[in-house]
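Peer 1: Residue numbers (our numbering), protein chains in the order written: chain A, 213 to 553; chain B, 213 to 553.
The reader is advised that the hints may include incorrect statements.
For identical chains, the list gives no copy identity; a pair is met inside one copy or between any two copies.
[Stated by the list, open to error] Quick list of in silico lysine-lysine cross-link-like pairs, DSS-like style, CA-CA up to 25 Å:
{"hint": "1", "residue 1": "Lys223", "residue 2": "Lys360"}
{"hint": "2", "residue 1": "Lys226", "residue 2": "Lys402"}
{"hint": "3", "residue 1": "Lys360", "residue 2": "Lys497"}
{"hint": "4", "residue 1": "Lys271", "residue 2": "Lys423"}
{"hint": "5", "residue 1": "Lys536", "residue 2": "Lys451"}
{"hint": "6", "residue 1": "Lys360", "residue 2": "Lys482"}
{"hint": "7", "residue 1": "Lys497", "residue 2": "Lys485"}
To be clear, the hints were calculated from the coordinates, so they are not data collected in a lab.
Each chain, written out:
Protein chains: 2
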Amino acid sequence: MHKQSLILQQKAPKNINELDQAFKLIDQKLDAPSSQLLLMKTRYISIDPIMRVWISGAKTYLPALQQNDIIHAFTLSSPVDNQNDIYFGPAGLQTHFLYDKTNKKKQLIKVPRQMLQILQKCELQNSNLLTIILNGLPAYYGLVDFCKIQKGQRVVISAAAGATGLFCIQLAISMQCDVIGFTGDIEKIKFLQNQFPTLRIINYKLDDWDKQIENNSVDCYFDNVGEYMLEKMIEKMRKNGKIALCGSMGSSSNYNERQGLSNMNQIINKRLKLKGITFNQELNKIQAAFDYLFQQFQQKKLRIFQEEYNQLNDTPKALKRLFKGDNIGKIIINLDNQTKL
Amino acid sequence: MHKQSLILQQKAPKNINELDQAFKLIDQKLDAPSSQLLLMKTRYISIDPIMRVWISGAKTYLPALQQNDIIHAFTLSSPVDNQNDIYFGPAGLQTHFLYDKTNKKKQLIKVPRQMLQILQKCELQNSNLLTIILNGLPAYYGLVDFCKIQKGQRVVISAAAGATGLFCIQLAISMQCDVIGFTGDIEKIKFLQNQFPTLRIINYKLDDWDKQIENNSVDCYFDNVGEYMLEKMIEKMRKNGKIALCGSMGSSSNYNERQGLSNMNQIINKRLKLKGITFNQELNKIQAAFDYLFQQFQQKKLRIFQEEYNQLNDTPKALKRLFKGDNIGKIIINLDNQTKL
Numbered sequence: 213m214h215k216q217s218l219i220l221q222q223k224a225p226k227n228i229n230e231l232d233q234a235f236k237l238i239d240q241k242l243d244a245p246s247s248q249l250l251l252m253k254t255r256y257i258s259i260d261p262i263m264r265v266w267i268s269g270a271k272t273y274l275p276a277l278q279q280n281d282i283i284h285a286f287t288l289s290s291p292v293d294n295q296n297d298i299y300f301g302p303a304g305l306q307t308h309f310l311y312d313k314t315n316k317k318k319q320l321i322k323v324p325r326q327m328l329q330i331l332q333k334c335e336l337q338n339s340n341l342l343t344i345i346l347n348g349l350p351a352y353y354g355l356v357d358f359c360k361i362q363k364g365q366r367v368v369i370s371a372a373a374g375a376t377g378l379f380c381i382q383l384a385i386s387m388q389c390d391v392i393g394f395t396g397d398i399e400k401i402k403f404l405q406n407q408f409p410t411l412r413i414i415n416y417k418l419d420d421w422d423k424q425i426e427n428n429s430v431d432c433y434f435d436n437v438g439e440y441m442l443e444k445m446i447e448k449m450r451k452n453g454k455i456a457l458c459g460s461m462g463s464s465s466n467y468n469e470r471q472g473l474s475n476m477n478q479i480i481n482k483r484l485k486l487k488g489i490t491f492n493q494e495l496n497k498i499q500a501a502f503d504y505l506f507q508q509f510q511q512k513k514l515r516i517f518q519e520e521y522n523q524l525n526d527t528p529k530a531l532k533r534l535f536k537g538d539n540i541g542k543i544i545i546n547l548d549n550q551t552k553l
Numbered sequence: 213m214h215k216q217s218l219i220l221q222q223k224a225p226k227n228i229n230e231l232d233q234a235f236k237l238i239d240q241k242l243d244a245p246s247s248q249l250l251l252m253k254t255r256y257i258s259i260d261p262i263m264r265v266w267i268s269g270a271k272t273y274l275p276a277l278q279q280n281d282i283i284h285a286f287t288l289s290s291p292v293d294n295q296n297d298i299y300f301g302p303a304g305l306q307t308h309f310l311y312d313k314t315n316k317k318k319q320l321i322k323v324p325r326q327m328l329q330i331l332q333k334c335e336l337q338n339s340n341l342l343t344i345i346l347n348g349l350p351a352y353y354g355l356v357d358f359c360k361i362q363k364g365q366r367v368v369i370s371a372a373a374g375a376t377g378l379f380c381i382q383l384a385i386s387m388q389c390d391v392i393g394f395t396g397d398i399e400k401i402k403f404l405q406n407q408f409p410t411l412r413i414i415n416y417k418l419d420d421w422d423k424q425i426e427n428n429s430v431d432c433y434f435d436n437v438g439e440y441m442l443e444k445m446i447e448k449m450r451k452n453g454k455i456a457l458c459g460s461m462g463s464s465s466n467y468n469e470r471q472g473l474s475n476m477n478q479i480i481n482k483r484l485k486l487k488g489i490t491f492n493q494e495l496n497k498i499q500a501a502f503d504y505l506f507q508q509f510q511q512k513k514l515r516i517f518q519e520e521y522n523q524l525n526d527t528p529k530a531l532k533r534l535f536k537g538d539n540i541g542k543i544i545i546n547l548d549n550q551t552k553l
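Produce the complete structure using the sequences and hints provided.
Peer 2: Structure representation (structure tokens):
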């Protein structure tokens with residue numbers, strides 16, 4: 213029995229065009245599982261901005277990658293002999309793996325069957341669950357749980373056409389906020405205008421982008437990029453405003469060249485509240501988050517925008533698209549249509 | 213009738229030793245007040261770190277100072293003919309002024325008589341009210357209202373021997389927290405050790421200061437300095453920890469040379485919550501704050517540490533002491549003992 217994996221051949225190249233050099237596809241023999249181990253098949257892989265950090269070898273909430281390690285990725289997977297059970301977790305860029313349920317380090321979480329049933333009721337695909345977990349939850353935690361956005365408030369969202377940004381836009385529009393989205397691409401502007409006629413879109417690549425928002429006028433900023441844009445947005449915030457921090461890669465392609473934040477004093481003067489947001493927020497909040505999101509889907513206030521690839525080896529290509537900002541919405545590697553073992 | 217004022221002669225000199233050059237004492241004739249105006253006498257003046265920003269000419273929540281403007285300062289003042297009424301507000305570095313009660317821009321707030329009575333019951337001086345408002349309230353808002361510190365939690369406080377720091381230390385000790393204070397001066401270390409035997413003190417001027425706190429071990433950080441120390445403390449924070457931001461001047465003597473904050477990504481990964489804290493937090497919270505603080509005074513869990521000067525013209529000397537970090541606790545210019553008009 214064999215599996216394919218993508219391993220780290222070379223740490224984060226500076227030039228995105230050379231990204232392929234970081235990855236190496238290998239074919240490995242997989243031993244037959246002992247009674248304690250489940251043979252798992254990876255079904256869907258999430259392509260996320262944080263992968264840039266992982267392939268740089270930095271330590272995050274996951275262990276730092278060494279050369280030849282299987283590269284981290286969040287996936288949905290199932291036991292080969294029971295496709296009805298779905299597990300979520302950082303199982304990595306591999307088609308199959310042996311899972312020791314008793315090893316808590318692997319941190320796979322079995323998705324409750326009830327949740328899968330609700331998904332189907334909402335006419336959502338199983339692959340959508342990955343997007344809901346990794347991007348819908350942060351959007352909810354940031355805007356609904358932390359910022360507590362209200363009708364009429366001005367809400368600004370950066371990387372508006374990204375996977376998390378699209379959730380944010382829809383949640384804020386559904387709440388009847390005055391929603392402003394940042395994007396830097398003509399195609400994305402057209403797409404957003406078509407999909408969300410009430411959304412105000414600002415092209416942040418224009419010189420005067422920040423002039424288009426009055427200082428001290430924003431109640432809530434959902435920040436997917438950090439750095440320079442965060443600094444500018446601090447000027448735009450109202451007193452007692454809230455900033456959900458959900459991304460810090462900014463526009464720099466190199467993880468080690470990030471800029472600092474130099475206007476902390478305004479955070480004090482304006483009594484701003486900031487919170488770091490990740491999908492794995494306080495566990496006791498997950499149920500409320502899913503309830504809220506599923507209700508939005510049922511009321512047709514939420515749609516998922518996904519772009520799919522079908523081979524493990526598509527990952528470098530998909531990642532390059534993500535890092536260049538060419539994608540709209542979520543990128544998923546869908547391995548569910550591959551030949552079975 | 214005459215008054216004395218300190219006006220801005222020259223914007224923020226880089227060298228603290230040349231600070232006197234920023235100030236000029238002038239003597240002005242004061243017109244007899246019309247019926248709408250109250251002739252006010254300044255009784256106590258607060259000497260605060262933010263004065264460094266004001267004399268730099270920067271715009272804060274108060275208007276930017278121009279040359280020859282009376283320099284901003286928070287004061288307690290009384291009508292000359294009614295010393296029982298006390299007003300709080302940014303009346304500036306002047307011995308007397310005409311106050312138009314109908315002009316909301318001046319923003320003086322009449323201190324409720326009930327509060328003055330409670331002060332006296334706690335055996336506190338009227339001048340202490342200025343310290344409670346400007347330093348006790350931020351300590352309360354940061355640690356009690358925002359961080360919600362609990363028994364056993366690790367709480368770290370920078371500028372521990374400063375006016376706000378001393379309130380923070382006492383509130384956290386009273387809550388039976390594991391309290392760590394930063395200071396950079398041998399005299400202050402001795403003072404803190406004598407006053408608070410359970411306090412752990414770290415001299416941040418030692419090379420290994422940050423090694424004395426394990427990474428990911430701090431529940432709450434009350435930040436009075438920002439910059440480099442804030443950056444280091446972000447490493448020390450536990451997941452879901454809270455940081456009260458109450459000062460951003462750091463160790464740099466020049467307002468324009470402040471450093472940026474470069475590890476925002478850790479704020480995200482750890483899901484930290486940050487909030488800018490000022491004494492003039494949400495107005496509806498003031499009563500609860502005073503109730504809490506007065507109870508602490510009555511239970512002898514709070515004491516006020518004040519250093520007093522007696523002439524308006526002592527301000528540059530007092531400020532230099534503050535900026536050099538030579539003071540312990542609050543610095544007040546007490547004009548209440550001056551000859552009456």
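Peer 1: Take the hints in turn and mark each one as holding or not.
Peer 2: Now for the hints, and whether the structure bears them out:
1. Lys223 / Lys360: Neither way: lysine 223 and lysine 360 sit 40 Å apart in one copy and 42 Å across, limit 25 Å.
2. Lys226 / Lys402: neither (31 Å within a copy, 51 Å between copies)
3. Lys360 / Lys497: Both: 14 Å inside a chain and 19 Å across chains, each within 25 Å.
4. Lys271 / Lys423: between (38 Å within a copy, 19 Å between copies)
5. Lys536 / Lys451: Answer is neither: 35 Å inside a copy and 31 Å across each miss the 25 Å cutoff.
6. Lys360 / Lys482: Close inside one copy (18 Å) and across copies (21 Å); limit 25 Å.
7. Lys497 / Lys485: both (20 Å within a copy, 16 Å between copies)
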